[in-house]
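With the sequences and hints as input, model every part of the structure.
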Amino acid sequence: MEVDDDETMKPKNKAEADHPKPIVVILVGAPGSGKSTFCNHVMRLSTRPWLRVCQDTIGDGKAGTKAQCLTISCTSLKDGKSILIDRCNLDKEQRADFVKLKESYQVDVHAIVLDLPAKLCISRSVKRTGHEGNLQGGKAAAVVNRMLQKKELPKLNEGFTRITFCQNENDVQEAINTYATLSSSDVLPSGIFGEKKTDTKVQLGIMKFLKRVDAPSKVTSDKTIRELSIEPTKENHHVNEGKEQSGTCPLDGVPTLAFPSISTADFQFNIEKASDIIVETVEEFVNKIGNGRLVLVDISHGSKILNLVKSKAAIKNIDPAKFFTFVGDITKLCSGGGLHCNVIANAANWRLKPGGGGVNAAIFDAAGPDLDIATKKRAGSLAPGNAITVPLPSRSPLFSNQGVTHVIHVLGPNMNPKRPNCLKDDYNVGCKVLHEAYSSLFENFASIVKTLDKSSDEFSNCDQKVSREDGVSFNEKNKKFKGLYEVGASNKLCSVDGKQNAGNSGKTGGSLIKDWGSWAQALYKIAMQPEKHKNEVIEVSDDVVVLNDIYPKAQKHLLVVARVEGLDRLADVSQDHLPVLRIMHDVGAKWVQTFLKENQSLTFRLGYHSAPSMRQLHLHVISQDFDSKHLKNKKHWNSFNSPFFRDSVDVIQEISEEGRPTLNEDEKFMSMELRCNRCRSAHPNIPRLKSHLLICKSPFPANLLQNGRLLQYAPNEDDTNY
DNA sequence: GTTCTAGAAC
DNA sequence: GTTCTAGAAC
Numbered sequence: 103m104e105v106d107d108d109e110t111m112k113p114k115n116k117a118e119a120d121h122p123k124p125i126v127v128i129l130v131g132a133p134g135s136g137k138s139t140f141c142n143h144v145m146r147l148s149t150r151p152w153l154r155v156c157q158d159t160i161g162d163g164k165a166g167t168k169a170q171c172l173t174i175s176c177t178s179l180k181d182g183k184s185i186l187i188d189r190c191n192l193d194k195e196q197r198a199d200f201v202k203l204k205e206s207y208q209v210d211v212h213a214i215v216l217d218l219p220a221k222l223c224i225s226r227s228v229k230r231t232g233h234e235g236n237l238q239g240g241k242a243a244a245v246v247n248r249m250l251q252k253k254e255l256p257k258l259n260e261g262f263t264r265i266t267f268c269q270n271e272n273d274v275q276e277a278i279n280t281y282a283t284l285s286s287s288d289v290l291p292s293g294i295f296g297e298k299k300t301d302t303k304v305q306l307g308i309m310k311f312l313k314r315v316d317a318p319s320k321v322t323s324d325k326t327i328r329e330l331s332i333e334p335t336k337e338n339h340h341v342n343e344g345k346e347q348s349g350t351c352p353l354d355g356v357p358t359l360a361f362p363s364i365s366t367a368d369f370q371f372n373i374e375k376a377s378d379i380i381v382e383t384v385e386e387f388v389n390k391i392g393n394g395r396l397v398l399v400d401i402s403h404g405s406k407i408l409n410l411v412k413s414k415a416a417i418k419n420i421d422p423a424k425f426f427t428f429v430g431d432i433t434k435l436c437s438g439g440g441l442h443c444n445v446i447a448n449a450a451n452w453r454l455k456p457g458g459g460g461v462n463a464a465i466f467d468a469a470g471p472d473l474d475i476a477t478k479k480r481a482g483s484l485a486p487g488n489a490i491t492v493p494l495p496s497r498s499p500l501f502s503n504q505g506v507t508h509v510i511h512v513l514g515p516n517m518n519p520k521r522p523n524c525l526k527d528d529y530n531v532g533c534k535v536l537h538e539a540y541s542s543l544f545e546n547f548a549s550i551v552k553t554l555d556k557s558s559d560e561f562s563n564c565d566q567k568v569s570r571e572d573g574v575s576f577n578e579k580n581k582k583f584k585g586l587y588e589v590g591a592s593n594k595l596c597s598v599d600g601k602q603n604a605g606n607s608g609k610t611g612g613s614l615i616k617d618w619g620s621w622a623q624a625l626y627k628i629a630m631q632p633e634k635h636k637n638e639v640i641e642v643s644d645d646v647v648v649l650n651d652i653y654p655k656a657q658k659h660l661l662v663v664a665r666v667e668g669l670d671r672l673a674d675v676s677q678d679h680l681p682v683l684r685i686m687h688d689v690g691a692k693w694v695q696t697f698l699k700e701n702q703s704l705t706f707r708l709g710y711h712s713a714p715s716m717r718q719l720h721l722h723v724i725s726q727d728f729d730s731k732h733l734k735n736k737k738h739w740n741s742f743n744s745p746f747f748r749d750s751v752d753v754i755q756e757i758s759e760e761g762r763p764t765l766n767e768d769e770k771f772m773s774m775e776l777r778c779n780r781c782r783s784a785h786p787n788i789p790r791l792k793s794h795l796l797i798c799k800s801p802f803p804a805n806l807l808q809n810g811r812l813l814q815y816a817p818n819e820d821d822t823n824y
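Each residue of the first sequence is one higher than the one before, starting from 103 at the first, in our numbering.
Do not rely on the hints blindly, as some may be mistaken.
Claimed, not checked - Simulated crosslink set (BS3-like; lysine-lysine; CA at most 25 Å straight-line): (1) K414 <-> K534; (2) K792 <-> K736; (3) K479 <-> K552; (4) K180 <-> K123; (5) K202 <-> K253; (6) K390 <-> K799; (7) K406 <-> K418; (8) K520 <-> K534; (9) K418 <-> K180; (10) K424 <-> K406; (11) K478 <-> K455; (12) K799 <-> K552; (13) K414 <-> K180; (14) K770 <-> K699; (15) K424 <-> K257; (16) K194 <-> K478; (17) K168 <-> K180; (18) K257 <-> K168; (19) K375 <-> K390; (20) K375 <-> K418; (21) K424 <-> K455; (22) K734 <-> K770; (23) K552 <-> K390; (24) K692 <-> K636; (25) K418 <-> K202; (26) K552 <-> K257; (27) K202 <-> K123; (28) K552 <-> K734; (29) K455 <-> K526; (30) K180 <-> K221; (31) K183 <-> K168; (32) K736 <-> K770; (33) K418 <-> K183.
As the list claims (entries may be wrong) - Label pairs and their computed distance ranges (CB to CB): (34) K221 <-> G392: 15 to 25 Å; (35) Q275 <-> L172: 24 to 34 Å; (36) C176 <-> D467: 43 to 53 Å; (37) K692 <-> N809: 11 to 21 Å; (38) D752 <-> D644: 49 to 59 Å.
Simulated from the structure, these hints should not be mistaken for laboratory data. Glycine included, C-beta positions come from ideal geometry on N, C-alpha and C.
So, in structure tokens, the structure goes:
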């Protein structure tokens with residue numbers, strides 16, 4: 103791909119050169135940060151017509167109002183003059199009206215953030231005399247301090263096309279040079295420049311969730327910051343190789359789809375036609391993606407497709423907050439460009455295979471082998487004009503480093519005779535297929551946004567911050583409990599008089615005493631006297647009683663309770679109990695078949711809690727949707743979705759082979775991070791997990807699919823009509 | 001097991 | 001200010 107060495111882009115046609123677009127540059131900085139100096143330097147050196155709009159002097163040399171600043175800004179933009187908004191603009195609200203000029207006048211709006219040390223601003227303010235804003239001397243310190251407290255750094259989603267952060271004099275000088283040398287016809291690339299990764303405001307909760315409670319300690323040098331910016335010069339790419347920063351992308355809470363131009367590279371689709379289709383389809387979908395936004399990304403500064411799309415989108419008046427173009431590497435938008443995109447589109451090949459060069463190779467490469475595996479689970483191929491969403495496993499570097507939760511593979515039409523399914527020059531079909539491809543892509547994204555909307559207005563925290571690999575070894579046994587287990591096992595069949603000691607029954611003849619609270623006796627009482635609990639019991643036999651869990655943790659949640667006196671919990675089980683365990687399993691499995699006849703989409707798991715809260719051995723028969731208002735906390739989740747839950751089939755096998763079951767009683771299982779039982783993605787809290795569960799359609803992990811641990815609908819040949 | 005609630009997190 | 005967690009009481 104073509105890469106411009108020059109940061110600026112020259113106009114692509116004569117019309118553009120004849121009518122250069124003015125730009126709005128909003129200075130953001132405390133008093134004393136050097137805003138006026140910045141403006142003066144730029145205006146002195148620049149050949150472009152500029153107007154400095156300074157609220158301190160706008161009223162005939164005296165302080166004026168924001169409205170006056172806006173009026174004069176409008177007039178200047180109409181005259182083709184670029185403007186420098188020289189006021190503090192420290193919070194979003196102060197800037198908003200000026201950012202809106204972008205829509206009214208179809209101009210780029212840039213921010214220059216003079217984020218210099220407070221001390222410096224104060225000392226300059228204190229020292230200076232004759233300041234336009236009458237802010238000097240002793241009171242300056244207090245004012246600057248107060249203003250800095252409510253400082254809100256600008257973000258792209260406010261509507262800025264470009265933001266430059268300056269944290270020291272060198273940064274300022276560089277920004278002055280950039281703007282001073284900007285001719286009337288030059289256009290600066292979009293994006294965030296010069297942002298210090300260490301200053302990124304990452305919420306503590308998120309860091310904690312990532313198990314990176316310590317704030318990032320690595321201070322990046324100024325040079326490094328530039329390398330991490332989105333400027334994709336060859337040199338930068340080389341230097342920056344393998345140096346992505348992880349988890350430090352600003353979280354602005356907006357679901358964002360980054361997508362490359364489909365079919366215009368290797369598939370040689372006409373760029374002019376492609377740009378029309380992109381803009382048309384974006385226009386069609388921009389109001390169907392909720393609070394989401396679409397970003398067309400290209401790695402090259404001089405990208406023709408980006409420029410074409412940008413200008414056509416402006417003509418169509420597409421909301422620039424909902425759709426914009428971005429120069430950067432689509433696999434490094436967060437770490438390299440400061441733009442968090444939770445979803446990225448891949449210009450895939452029909453086999454959905456890695457490699458081949460271009461975006462496809464880059465994305466598969468950056469995502470690691472997990473993307474290939476996850477893709478294969480979804481589909482083996484893709485037809486032109488289609489798109490398919492693949493949730494990215496959380497261990498993928500693209501997930502952990504860039505916050506990408508989904509990759510949408512898209513296949514566009516091919517016009518290249520050297521590639522499969524070439525349409526030759528049939529643009530009638532080609533345009534239709536490309537439109538379909540983008541439609542399908544945006545539909546996929548819309549459905550992701552929809553599900554995220556359900557979960558929270560603070561979307562970004564949900565999936566993006568998930569990154570850590572499991573820190574807990576599932577097979578690790580807890581020594582303390584293993585010891586207790588052995589005592590329990592040695593006391594097998596030790597009878598307990600529950601009636602005599604209802605509140606404190608336990609094992610005698612050993613040191614292990616299990617103190618069952620009075621509230622923990624309910625199942626025991628029902629198992630012993632089911633006739634007294636006819637309303638609760640749905641099946642009773644000599645060996646078991648079956649009842650609905652009164653606080654079901656899923657759509658279907660039954661308990662099969664053993665009617666063996668003294669068999670309080672799994673720790674009490676020995677080979678002597680194998681028959682009753684098998685009966686419990688069979689009864690559970692029979693109920694599953696009943697439920698599956700009603701609802702074929704359910705999946706069930708049968709198992710025991712390693713350390714139950716309720717007395718009397720009971721088998722949980724639970725559907726795997728976990729769609730229940732009673733599932734409220736981490737313990738609820740982990741008791742069914744960590745090694746704490748022991749599958750009935752495994753328990754039976756272990757007892758048969760080793761004489762006793764493995765217990766995973768350790769409290770650590772209850773505090774494990776909340777991971778989806780299907781796709782294994784981690785979630786920060788129960789509400790977010792539950793929102794995710796409602797939409798996750800991933801297949802169950804391999805370990806659950808083995809040994810009959812999961813019970814699912816299997817069509818019976820007798821039931822078929824053919 | 002749940003409910004209640006303080007206080008932490010957002 | 002609201003949401004969420006986690007510990008105590010039952």
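Hint check results:
Note on K414 and K534: the hinted pairing holds, with a Cα-Cα distance of about 19 Å set against a maximum of 25 Å. Pair hint K792 plus K736 holds up; C-alpha atoms about 11 Å apart against a cutoff of 25 Å. Of the pairs offered as hints, the one joining K479 and K552 holds, with about 23 Å between alpha carbons and a cut-off of 25 Å not exceeded. Taking the CA atoms of K180 and K123, the gap is near 10 Å; set against the 25 Å cutoff, the hint holds.
Only pairs whose Cα atoms come within 25 Å are accepted, and K202 paired with K253 is accepted, the gap being roughly 20 Å. In summary, the hint linking K390 to K799 is supported, as the alpha carbons are separated by about 22 Å, within the 25 Å threshold. A C-alpha spacing of about 18 Å is found between K406 and K418, which places the hinted pair at or below 25 Å, so the restraint holds. As the CA atoms of K520 and K534 are separated by approximately 21 Å, the hinted pair is consistent with the 25 Å bound.
For the hint linking K418 to K180, the alpha-carbon distance of about 19 Å falls within 25 Å, and the restraint holds. Distance check on the hinted pair: K424 and K406 sit about 21 Å apart at the alpha-carbon level, within 25 Å; holds. Proposed proximity of K478 and K455 is supported: the alpha carbons are some 9 Å apart, at most 25 Å. For the given pair, K799 sits about 15 Å from K552 by alpha-carbon distance, which is consistent with the 25 Å threshold.
Simply put, K414 and K180 have alpha-carbon atoms about 20 Å apart, close enough for the 25 Å limit, and the pair holds. In summary, the hint linking K770 to K699 is not supported, as the alpha carbons are separated by about 38 Å, beyond the 25 Å threshold. For a cut-off of 25 Å, the pair hint linking K424 to K257 stands: about 14 Å separates their Cα positions. A C-alpha spacing of about 44 Å is found between K194 and K478, which places the hinted pair above 25 Å, so the restraint is violated.
Distance check on the hinted pair: K168 and K180 sit about 19 Å apart at the alpha-carbon level, within 25 Å; holds. As the CA atoms of K257 and K168 are separated by approximately 21 Å, the hinted pair is consistent with the 25 Å bound. For a cut-off of 25 Å, the pair hint linking K375 to K390 stands: about 23 Å separates their Cα positions. Proposed proximity of K375 and K418 is supported: the alpha carbons are some 16 Å apart, at most 25 Å.
With a CA separation close to 31 Å, the supplied pair K424 and K455 exceeds the 25 Å bound. Under the criterion of a C-alpha separation no larger than 25 Å, the hint pairing K734 with K770 is consistent with the structure, at around 18 Å. Straight-line distance between C-alpha atoms of K552 and K390 comes to about 10 Å, which keeps the hinted pair within the 25 Å bound. At roughly 20 Å between alpha-carbon atoms, K692 and K636 fall within 25 Å of each other, so this suggested pair holds.
For a cut-off of 25 Å, the pair hint linking K418 to K202 stands: about 17 Å separates their Cα positions. Between K552 and K257, the direct Cα distance comes to roughly 24 Å. Compliance with the 25 Å bound is thereby established for this hinted pair. A hinted pair counts as satisfied when its Cα atoms are at most 25 Å apart, and K202 with K123 qualifies at roughly 16 Å. Restraint check for K552 and K734: the C-alpha separation of about 23 Å stays at or below 25 Å, so the hint holds.
Among the hinted pairs, K455 with K526 is consistent with the structure: their alpha-carbon atoms are about 24 Å apart, no more than 25 Å. Only pairs whose Cα atoms come within 25 Å are accepted, and K180 paired with K221 is rejected, the gap being roughly 39 Å. Our distance criterion of 25 Å between C-alpha atoms is met by K183 and K168, whose separation comes to about 19 Å. For the given pair, K736 sits about 11 Å from K770 by alpha-carbon distance, which is consistent with the 25 Å threshold.
Between K418 and K183, the direct Cα distance comes to roughly 23 Å. Compliance with the 25 Å bound is thereby established for this hinted pair. Remark: the range hint 15 to 25 Å for K221 to G392 is contradicted by a beta-carbon distance near 44 Å. One distance hint, 24 to 34 Å for the beta-carbon pair Q275 and L172, holds here, with the actual separation near 30 Å. Between C176 and D467 the Cβ separation comes to about 48 Å, which falls inside the hinted range of 43 to 53 Å.
Under the hint 11 to 21 Å, the C-beta atoms of K692 and N809, about 19 Å apart, fit the expected range. In this structure, D752 and D644 break the distance hint of 49 to 59 Å, their C-beta atoms being roughly 26 Å apart.
Violated hints for the displayed structure, listed by number in ascending order: 14, 16, 21, 30, 34, 38.
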